[in-house]
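Peer 1: Residue numbers (this note's numbering), protein chains in the order written: chain A, 2 to 387; chain B, 5 to 269.
Note that these hints are calculated values from the structure, not bench results.
Please note that a few of the clues may not be correct.
Just some of the chain B residues that point at chain A, by a computed CB distance under 8 Å [what the hints assert, rightly or not]:
id: 1; residue: 28
id: 2; residue: 111
id: 3; residue: 215
id: 4; residue: 220
id: 5; residue: 230
id: 6; residue: 239
id: 7; residue: 250
id: 8; residue: 254
Below, in silico cross-link-like pairs of lysine-lysine (BS3-like), each with a Cα-Cα straight-line distance of 25 Å or less [as the list claims (entries may be wrong)]:
id: 9; chain 1: A; residue 1: 104; chain 2: A; residue 2: 303
id: 10; chain 1: A; residue 1: 160; chain 2: A; residue 2: 181
id: 11; chain 1: A; residue 1: 244; chain 2: B; residue 2: 49
id: 12; chain 1: A; residue 1: 178; chain 2: A; residue 2: 238
id: 13; chain 1: A; residue 1: 160; chain 2: A; residue 2: 303
id: 14; chain 1: B; residue 1: 80; chain 2: A; residue 2: 238
Small disclaimer: the values here were computed from a predicted structure and weren't measured.
Cβ atoms here follow ideal geometry from the backbone N, Cα and C, with glycine treated the same way.
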Amino acid sequence: MTKAPDHISKKKFMEELYRCKRGSVTRRHFLGVTGLGAATAVLGSAMPGLKPGPAWAGDIGDRVVLATWPNYHDPANFEAFTEATGAHVQVNVFGSNEEMLAKLQAGATGWDVYVPTNYTITTYVSEDLIEPLDTSRLPNYDPSAYNPRYAEAGSVDGKLYAVPKNWGSTGFVANTKQLKGAPTPTSWREFFDLTMGDLSGGTIVHDYQLTTIGNALKYFGYSFNSVDEKELADAEKLLIDSKPHLFAISSDIQPSVRSGDATFAMAWSGDGKQLNTDMPEVVYILGEEGGELWSDYYAIPKSAPHMDAAYALINFMLDPAVNVKEVLAHGYPTADAKTTSMLPEALQNDPILYPAQALLDVLEFGAAVTLTDPNRAELMARFKSA
Amino acid sequence: MVMLVLPLTVVLIFSFGERGASGGYVPAFTLEQYANLPARWTAFKNTMVLAPIGTISSLLIAYPLAYFLAVRADPKWKTVLLVLVIVPFWTSILIRSYAWIFLLGGRGVPAFIDWIGFGSVRLINTPFAVLVGIVYGYLPLMVFPIFVSLDRLDKRLLEASSDLGATPTRTFVQITLPLCVPGIATGCLLVFILLMGEFLIPALLGGGKVFFVGNALVDLFLQSRNWAFGSAVAATLVFIMLISVTIYMRLISRLGTRREDVSLM
Numbered sequence: 002m003t004k005a006p007d008h009i010s011k012k013k014f015m016e017e018l019y020r021c022k023r024g025s026v027t028r029r030h031f032l033g034v035t036g037l038g039a040a041t042a043v044l045g046s047a048m049p050g051l052k053p054g055p056a057w058a059g060d061i062g063d064r065v066v067l068a069t070w071p072n073y074h075d076p077a078n079f080e081a082f083t084e085a086t087g088a089h090v091q092v093n094v095f096g097s098n099e100e101m102l103a104k105l106q107a108g109a110t111g112w113d114v115y116v117p118t119n120y121t122i123t124t125y126v127s128e129d130l131i132e133p134l135d136t137s138r139l140p141n142y143d144p145s146a147y148n149p150r151y152a153e154a155g156s157v158d159g160k161l162y163a164v165p166k167n168w169g170s171t172g173f174v175a176n177t178k179q180l181k182g183a184p185t186p187t188s189w190r191e192f193f194d195l196t197m198g199d200l201s202g203g204t205i206v207h208d209y210q211l212t213t214i215g216n217a218l219k220y221f222g223y224s225f226n227s228v229d230e231k232e233l234a235d236a237e238k239l240l241i242d243s244k245p246h247l248f249a250i251s252s253d254i255q256p257s258v259r260s261g262d263a264t265f266a267m268a269w270s271g272d273g274k275q276l277n278t279d280m281p282e283v284v285y286i287l288g289e290e291g292g293e294l295w296s297d298y299y300a301i302p303k304s305a306p307h308m309d310a311a312y313a314l315i316n317f318m319l320d321p322a323v324n325v326k327e328v329l330a331h332g333y334p335t336a337d338a339k340t341t342s343m344l345p346e347a348l349q350n351d352p353i354l355y356p357a358q359a360l361l362d363v364l365e366f367g368a369a370v371t372l373t374d375p376n377r378a379e380l381m382a383r384f385k386s387a
Numbered sequence: 005m006v007m008l009v010l011p012l013t014v015v016l017i018f019s020f021g022e023r024g025a026s027g028g029y030v031p032a033f034t035l036e037q038y039a040n041l042p043a044r045w046t047a048f049k050n051t052m053v054l055a056p057i058g059t060i061s062s063l064l065i066a067y068p069l070a071y072f073l074a075v076r077a078d079p080k081w082k083t084v085l086l087v088l089v090i091v092p093f094w095t096s097i098l099i100r101s102y103a104w105i106f107l108l109g110g111r112g113v114p115a116f117i118d119w120i121g122f123g124s125v126r127l128i129n130t131p132f133a134v135l136v137g138i139v140y141g142y143l144p145l146m147v148f149p150i151f152v153s154l155d156r157l158d159k160r161l162l163e164a165s166s167d168l169g170a171t172p173t174r175t176f177v178q179i180t181l182p183l184c185v186p187g188i189a190t191g192c193l194l195v196f197i198l199l200m201g202e203f204l205i206p207a208l209l210g211g212g213k214v215f216f217v218g219n220a221l222v223d224l225f226l227q228s229r230n231w232a233f234g235s236a237v238a239a240t241l242v243f244i245m246l247i248s249v250t251i252y253m254r255l256i257s258r259l260g261t262r263r264e265d266v267s268l269m
């Protein structure tokens, strides 16, 4: 009984990590199957390059620990940081904000820098888990260069806690070769109606309460963030009615879309971009009723053991010359105008990365209450077990 | 001993507490979490139906395989064949499940079934796919205890039975099968216990539509961070296992006593 069959070895973990980096697994799925604690433990020990270096380290210490999402950085930038400062960057990979929050709530993590999403920051502030930022230690942070829409969640009650990293949207992908004559849908209403109609059996919804319930709410034109009882009841009925017609409830959409098993799938813009690049017939669509817009931030937890190194790393990553390499590596847009202007023209005009303003205007940021509302969590559980 | 008891104690304490406003655990003494258990009834029902079916299916496939390996296989090849049974264990169940996702997906077995003219079928993301994954994933755990009990079987008993005029079938039913009951019992217990906590195979091969208690727990701890309710569900699962394993042990030991009676006759 010592050999649990779902144990994941170091080697397999690394393979899975590389799969994830290649984009065939989403970060939420990755976390789900590997277990987040394992990510921390294994990355630290399995990659010699990430171990603390010899005693030649500078003033900021010999290492800095970063908690982030998979496939979200250019490793060459970390090497350049180590070169410049002597501090090694130890990367811990996570699958969801919920896990990050759970870890920080459970106690000291050893992280120096982490990348919370907009809707979690007020929770971190109210739980006293996040350090206010001293902008004098971040000379590369120029607030005027940032689109305020993707930066404002970093400040709570006028105090700066987090600086913008990247942003994106949540829409859906459709394989236009498998629509059986239906025109390419443009709304969440069509997404669900076609799922329950002609295209039954080919739809994936996320295994994630925030987006799956939020997008079902948009079907009725309600707010993505609604916690209203009646509106949630409508969304629940829609989800349960559509369940027999679903292909899967999973955040790992790429394998099934690539194999042609799935025609429709809820998708983060990164998934949409990667699928569209490899399969031009798969298009990324923002529902015209709206949907989710998100923005990730760099922040420092209260418990950070290497505070100086944390500031140094964030400042380094905000340098437009470094940031542009980040964007080229992971393909998510940044709110920093200086960095954006350095990107290749084709990327600046990419409709998946930078959707038309009219589509962007109706999108909503997830709210803190959306993430923590127990009724939404229970609704999701009822939907999954229905 | 402390290592064994401590986590269970924490789970028990948490199960009487409450969820914090933004998740986690707040100390309290309430039975609210247990009162809320019916909200996960489907998960318990699915697990308690599919775990025994999975165990029995594994047994039905593993027994002939173990019998072949222990009794029929050429001793020269025995080790090689045994290693072949273990080889899949060298790779994580995660990777192997992905292979099944492809095999059972639209371009795998269903495409073949369609091609030979039996029409289109959906295999992936059904309870059947989960069952296939379970039988496949747990096969070595079932094969080995049975193999060991069959391998240790004194072959002279079989010769004696045959010399005394018993047909091969009768020898199998009266000698071979009773003597490997301990192996079968161990294999079934191992597979059943692990299946009750399974979450990976239903998530991957069931496409999130086949919901086990293990999946409910993953969601409660990692998504909604309702540790108190999650602990109550976990404690209830442990309690159900305790009862079912006790009943199972009783049955097996009774079977053992009856066998002695038979052999005395």
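Peer 1: Give a verdict on every hint.
Peer 2: Hint check results:
Residue-level restraint check for residue 28 of chain B holds (minimum Cβ-Cβ distance to chain A is 5 Å; threshold 8 Å). Of the supplied interface hints, the one on residue 111 of chain B holds, with its beta-carbon coming within about 6 Å of a beta-carbon of chain A, less than 8 Å. Nearest Cβ of chain A to the Cβ of residue 215 of chain B: about 4 Å, under the 8 Å cut. The hint holds. A cut of 8 Å between beta carbons decides the hint on residue 220 of chain B: the least distance to chain A is about 7 Å, and the hint holds.
The interface hint given for residue 230 of chain B holds, since its Cβ lies 7 Å from the closest Cβ of chain A, which is under the 8 Å cut-off. Against a cut-off of 8 Å between C-beta atoms, the interface hint on residue 239 of chain B is violated, since the closest Cβ of chain A lies about 18 Å away. Hint status for residue 250 of chain B relative to chain A: violated, with the closest Cβ pair at about 17 Å, above 8 Å. The criterion of a C-beta within 8 Å of any C-beta in chain A is not met by residue 254 of chain B, whose closest approach is roughly 21 Å, and the hint is violated.
Of the pairs offered as hints, the one joining residue 104 of chain A and residue 303 of chain A holds, with about 13 Å between alpha carbons and a cut-off of 25 Å not exceeded. About 53 Å separates the Cα atoms of residue 160 of chain A and residue 181 of chain A, which puts this hinted pair outside 25 Å; it is violated. Between residue 244 of chain A and residue 49 of chain B the alpha-carbon distance is near 19 Å, which keeps this suggested pair within the 25 Å criterion. Using a Cα cut-off of 25 Å, the hinted pair residue 178 of chain A and residue 238 of chain A is violated, with the two alpha carbons roughly 30 Å apart.
Between residue 160 of chain A and residue 303 of chain A, the direct Cα distance comes to roughly 15 Å. Compliance with the 25 Å bound is thereby established for this hinted pair. Restraint check for residue 80 of chain B and residue 238 of chain A: not satisfied, since their Cα atoms lie roughly 62 Å apart, outside the 25 Å limit.
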